[in-house]
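Once you've looked at the hints, dock chain U against the given chain X.
Respectively, the protein sequence lines represent chains X and U.
Each residue of the first sequence is one higher than the one before, counting from 1 in the working numbering.
Each residue of the second sequence is one higher than the one before, counting from 350 in the working numbering.
Any given hint might turn out to be false.
To be verified - Over the 10 Å line for every Cβ pair with chain X, so calculated as not near, a few chain U residues:
#: 1; residue: A530
#: 2; residue: V668
#: 3; residue: T679
What the hints assert, rightly or not - Mimicking DSS-like on lysine-lysine, the simulated pairs with C-alpha atoms at most 30 Å apart in a straight line are:
#: 4; chain 1: X; residue 1: K83; chain 2: X; residue 2: K109
#: 5; chain 1: X; residue 1: K230; chain 2: U; residue 2: K391
#: 6; chain 1: X; residue 1: K42; chain 2: X; residue 2: K109
#: 7; chain 1: X; residue 1: K83; chain 2: X; residue 2: K42
#: 8; chain 1: U; residue 1: K519; chain 2: X; residue 2: K270
#: 9; chain 1: X; residue 1: K276; chain 2: X; residue 2: K230
Hint data in this document are derived by calculation from the structure and do not stem from the laboratory.
Small disclaimer: the values here were computed from a predicted structure and weren't measured.
Where is the CB? At the ideal position from N, CA and C, for every residue including glycine.
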Amino acid sequence: MRSRRDFLAGAAALALVPPLARGQATRTVTDDTGRRAEVPAKVTRVYAAGPPASMLVFALAPEKLLGWTTPFRPDERPFVPAKYVDLPTLGRLTGRGNTANVEVVLAAKPDLIVDYGSVGPTFVSLADRVQAQTGMPYLLLDGAFERIPESLRRLGEILGEPARGEEWARYAQGILDDVAARVARIPRERRPRVYYGRGPRGLDTGLAGSINMESIERMGATNVAAALGKGGLVQVSVEQVLAWDPDAIVTIDRTFYASLWRDPLWQGLKAVQAGKVFLSPNVPYGWIDFPPSINRLVGLRWLGRSLYPDAFPEDLRPFVREFYTRAYHQTPTQEQLDALVRTAEPRKG
Amino acid sequence: MGRTGLAVAGALALLAVAVLAAFAVGRYPVSPGELVTLVQSKLTGTAHTLPATVETVVFGIRGPRILAALLVGAALAASGAAYQGLFRNPLVSPDILGVSAGAAFGAVLGIFLSLDVWAIQGLAFVFGLAAVGAAYAIAASLRGHDPILVLVLAGVVLGSLLGACIALVKYLADPYNQLPAITYWLLGSLAATNPGDVRSTLLPVALGLVVLWLLRWRITVLSLGDEEAASLGIRAGRIRAVVIAAATLVTAAVVSISGIIGWIGLIIPHVARLLVGPDFRRLLPVAVLLGAGFLLGVDTLARTAARIEIPLGVLTAFVGTPLFLWLLATARRSWQ
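For reference, chain X alone in the conformation it holds in the complex (with noise of 0.2 Å):
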């Protein structure tokens, strides 16, 4: 009876105790929700809770990340380093359904758990929820666009690391202002109305202030489905789709880009027949809206090539290749780049 008591004294006393605090120097950090957590004074080990968490820690610090939360499929592999492509699957600890174990986790021993995305109420118990559980700290930082350098730099902050999240804040914030700029100069008239098709039919779309159309409404271009209100992914029908007949169509999905161009029902799209059909690019991660993490930077001059050719002149290769060398770590080769850029770039010849 009273050994069982100490056992559990002890247990208890261990969940309560948050493991840096076993001889480890610690300091605290606050997240974007202005919770506080004590972390290592030296953190090497983060477990990333989902896809934009991780990589948004890979992107700054790629030898701290214990592992992915779903594994690459081969198409994605060739731009991931081999020693760190083959990192551990853990699972995804949050967002739309989880699929980590927790114990998984904790076997990989992490320092601190950063989610990076949404930041509202559900997100914060959530985080509150496991880091009781595990006595682990959980970090929340705020995936919102305008925010990512903020993001980075809080990061870099958290991980040890200042002077990279500094760096990297710098970079994505030069990206952020040099769009914004060119935008504002292209005359309202000039600015075309988007249809972003997605689903293997292509008619899964965002409406206004949808995540997924975050990046197409920051280029000013016009989503024709704002028209149907506010809210997030929907169902619309091609005869919705004639009606709108959209300036341009920007899509992820490589089933209706392909069907696209031998469907009759879109050649009578003005968007189709001047060609102004453009498929985003989707590995290692897409471009325009999924996950919602800083590879929508590389998007949004894409979109920009896209959409405004005159305005964004130059070729997107060598500033494609800068931003894949600095979120993962290898410099894409010539085949891979013109690959990704085949739809935004003139054709050759």
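Structure of chain U alone, referenced to chain X:
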């Protein structure tokens, strides 16, 4: 027979009104005058001066979608009516043997593997047939039990296994792109129907319906019980196999283009029975017409009521439940 004639005539009239209304409304503005001009030029073969887009909307988008709605509604109602008679159970719907679950798993797998739309529909069709085939094979190998009970149990068990497989694929799917596509498919919709969908569905549906029509008398006898059927010289097991094959063929064909649309296969046969009684010879034509008209009406609502598409699987239940309850309350005739 006067009552049946009246019911068929009424259903046909309703169907005609529904088709006309469906052609006249939509998100793309087409005036009644333009519609008449188009139909005239189509019938007489003369040229018209309307923009090509208007013709695409009417004959390339609305036309196929209307045909698809008619086909889907007719197929689900007919196979529902056949199953309810065959299994002598009013709670049976076309998916009782796992055809919808199989088709759903095939489509979900196709979306997960980022396949072509044709391949997604093909997988749905094949898995729908395979699910029922497997249920039938399992039931046939388990002798010494009530054959109908074993068959239904095998279908239900396989259906829930496939449901678990769907859940597993959803769990593994990319939550940002594939999961929404899977969810939309499972909700059912005709928003993306194109002429090719109608062409590929027409033949299996027609074939299945013709077989059901040819077996109408035998299905009526079977619904009285296997002993009664045997006394009339009908081999219940063989007829049952053919009816299941035909009903599965039409259901798998339509579900592969529409996604999951519940309710119709369960409720429309009851409505038809309220009107003309349980004799399958009268029940089948009325159920087909009612199913076609009902789904067309609901689909027209789905594409016009709100500015976005409303999922058919949702809308059929919203529209159908009050309608059915009203019929039930006002019916004087037994449907047993």
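The hints, checked one at a time:
1. A530: Contrary to the label, A530(U) does not stay out of reach of chain X, its closest Cβ about 4 Å off (not over 10 Å).
2. V668: 18 Å, holds
3. T679: 35 Å, holds
4. K83(X) with K109(X): Holds. K83(X) to K109(X) sits at ~20 Å (cutoff 30 Å).
5. K230(X) with K391(U): 40 Å, violated
6. K42(X) with K109(X): 14 Å, holds
7. K83(X) with K42(X): 23 Å, holds
8. K519(U) with K270(X): 36 Å, violated
9. K276(X) with K230(X): Distance ~26 Å between K276(X) and K230(X) Cα, so the pair holds.
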